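Colleague: Sequence:
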Amino acid sequence: QIFLNDFEWENLPIDGIYKREDVEAIKRFQKKYTQEILAYWNITEPTGYVYIKTVEMINKKFLEKKA
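Heads up: the sequence shown is residues 1288 to 1354, going by our numbering.
Just so you know, the hints here were simulated from the structure itself, not pulled from any lab data. This one's a predicted model, so the numbers in the text were calculated from it and none came from an experiment. We treat Cβ as the ideally placed atom computed from N, Cα and C, and that holds for glycine. Careful: at least some of the hints might be erroneous.
[Unchecked claim] Below, a list of computed lysine to aspartate or glutamate pairs in the EDC-like style, where the Cα atoms sit at most 20 Å apart:
#: 1; residue 1: Lys1306; residue 2: Glu1295
#: 2; residue 1: Lys1353; residue 2: Glu1311
#: 3; residue 1: Lys1319; residue 2: Glu1332
[As the list claims (entries may be wrong)] Computed beta-carbon distance windows for the label pairs:
#: 4; residue 1: Asn1292; residue 2: Ala1354; range: 12 to 22 Å
#: 5; residue 1: Asn1298; residue 2: Asn1329; range: 28 to 38 Å
#: 6; residue 1: Ile1301; residue 2: Asn1329; range: 31 to 41 Å
#: 7; residue 1: Asp1302; residue 2: Asn1329; range: 30 to 40 Å
#: 8; residue 1: Glu1308; residue 2: Glu1332; range: 14 to 24 Å
Make the full structure from the sequences, and use the hints.
Modeller: The structure is reproduced here in C-alpha cells:
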C-alpha cells in the first residue's frame, strides 16, 4: 500500500489488509509493466497477485527512485 501510494500515485489506506482496492491497484501496476511482469508468464491480463515478477518490479522501481 505504501509503495503503491508513493510510487504509483494511488490513494490506498495503509492498513496492511489486502482488500479489493489493493488488488485493483496491483492490477493497474501489472498492466503498466506488462512486458516486465505479465509477459514472463505468457499472460496479458493482470492477476492482482503479488508474486515473483511483480515483487521484482516493485523492488526495481524502489531502487531506481533511491538512486
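Colleague: Taking the hints in turn, state whether each one holds.
Modeller: Hints, verified against the model:
no.: 1; hint: Lys1306 <-> Glu1295; result: holds, 17 Å
no.: 2; hint: Lys1353 <-> Glu1311; result: violated, 26 Å
no.: 3; hint: Lys1319 <-> Glu1332; result: holds, 11 Å
no.: 4; hint: Asn1292 <-> Ala1354: 12 to 22 Å; result: holds, 20 Å
no.: 5; hint: Asn1298 <-> Asn1329: 28 to 38 Å; result: holds, 32 Å
no.: 6; hint: Ile1301 <-> Asn1329: 31 to 41 Å; result: holds, 34 Å
no.: 7; hint: Asp1302 <-> Asn1329: 30 to 40 Å; result: holds, 34 Å
no.: 8; hint: Glu1308 <-> Glu1332: 14 to 24 Å; result: holds, 19 Å
Figure legend: structure checked against the earlier numbered hints; the only hint not met is number 2.
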